[in-house]
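Colleague: Sequence:
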Amino acid sequence: MKIRTRLLLFSICPMLGATGQQIKVVESMSLGVPVVIHKNVASSSPVVHGVNGFIAETPEQFASYCLRLHTDRALCHRLGISARETIRQHWSDKVLARGFMDILAKGKCIRSAATAPKNRPILKPLAPRPSGRFAVIVA
Numbered sequence: 069m070k071i072r073t074r075l076l077l078f079s080i081c082p083m084l085g086a087t088g089q090q091i092k093v094v095e096s097m098s099l100g101v102p103v104v105i106h107k108n109v110a111s112s113s114p115v116v117h118g119v120n121g122f123i124a125e126t127p128e129q130f131a132s133y134c135l136r137l138h139t140d141r142a143l144c145h146r147l148g149i150s151a152r153e154t155i156r157q158h159w160s161d162k163v164l165a166r167g168f169m170d171i172l173a174k175g176k177c178i179r180s181a182a183t184a185p186k187n188r189p190i191l192k193p194l195a196p197r198p199s200g201r202f203a204v205i206v207a
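Numbering (my numbering), first residue to last: 69 to 207.
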């Protein structure tokens with residue numbers, strides 16, 4: 069599916085509570101789209117208020133930030149560029165792969181079923197895919 073990013077001015081994450089990383093936020097930012105997010109969910113996101121999106125504390129603030137981004141295209145564009153750069157620096161495949169390889173190098177993973185305690189996952193690295201990305205199975 070091809071996404072026409074020039075039609076996306078900004079993205080919203082109006083959830084008041086959630087667990088884990090909100091993938092929609094990272095995906096939007098990777099497309100260069102700033103995000104308006106509620107403060108209860110923002111702690112697990114890469115959104116920095118006024119830098120690559122807005123963090124609202126109230127419904128009124130949420131609406132105000134949405135209207136501001138809708139009417140101020142220059143601000144929307146500036147935050148979008150910063151959002152894309154944030155993801156490139158901290159969430160790219162290379163950065164995540166480097167972190168994963170550091171974990172493997174430090175021996176934090178069990179590589180074989182013979183030496184794995186029952187409460188530790190077994191990581192089985194797979195061959196690189198044609199896309200250049202790698203895959204890992206957690207058994």
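What the hints contain is simulated information worked out from the structure, not anything from laboratory work.
A virtual CB, placed ideally from N, CA and C, is assigned to each residue, including glycine.
It is possible that part of the hints are untrue.
[What the hints assert, rightly or not] In silico lysine-lysine, BS3-like type, Cα no more than 30 Å apart, as pairs:
#, residue 1, residue 2
1, Lys107, Lys92
2, Lys174, Lys107
3, Lys162, Lys107
4, Lys174, Lys162
[To be verified] Distance windows between CB atoms, simulated:
#, residue 1, residue 2, range
5, Arg156, Ser132, 44 to 50 Å
6, Ile171, Ala131, 38 to 44 Å
7, Glu125, Gln157, 25 to 31 Å
8, Leu99, Ala142, 16 to 22 Å
9, His138, Asp161, 19 to 25 Å
10, Arg141, Asn108, 46 to 52 Å
11, Lys174, His145, 25 to 31 Å
12, Lys107, Trp159, 28 to 34 Å
13, Val116, Lys174, 27 to 33 Å
14, Val116, Phe168, 20 to 26 Å
Colleague: Now tell me, hint by hint, if it's right for this structure.
Modeller: Going through the hints against the structure:
1. Lys107 to Lys92: Holds, at roughly 16 Å.
2. Lys174 to Lys107: With Cα atoms ~35 Å apart, Lys174 and Lys107 exceed 30 Å; violated.
3. Lys162 to Lys107: holds (29 Å)
4. Lys174 to Lys162: holds (18 Å)
5. Arg156 to Ser132: 44 to 50 Å: Taking Cβ atoms as reference, Arg156 and Ser132 lie about 29 Å apart, which means the hint is violated.
6. Ile171 to Ala131: 38 to 44 Å: holds (42 Å)
7. Glu125 to Gln157: 25 to 31 Å: This hint holds: roughly 27 Å between Cβ atoms.
8. Leu99 to Ala142: 16 to 22 Å: Given a distance of about 18 Å, which is inside 16 to 22 Å, the answer is holds.
9. His138 to Asp161: 19 to 25 Å: violated (32 Å)
10. Arg141 to Asn108: 46 to 52 Å: violated (29 Å)
11. Lys174 to His145: 25 to 31 Å: Violated, at about 41 Å.
12. Lys107 to Trp159: 28 to 34 Å: violated (21 Å)
13. Val116 to Lys174: 27 to 33 Å: For Lys174 against Val116, whose Cβ atoms are near 29 Å apart, the range 27 to 33 Å holds.
14. Val116 to Phe168: 20 to 26 Å: holds (25 Å)
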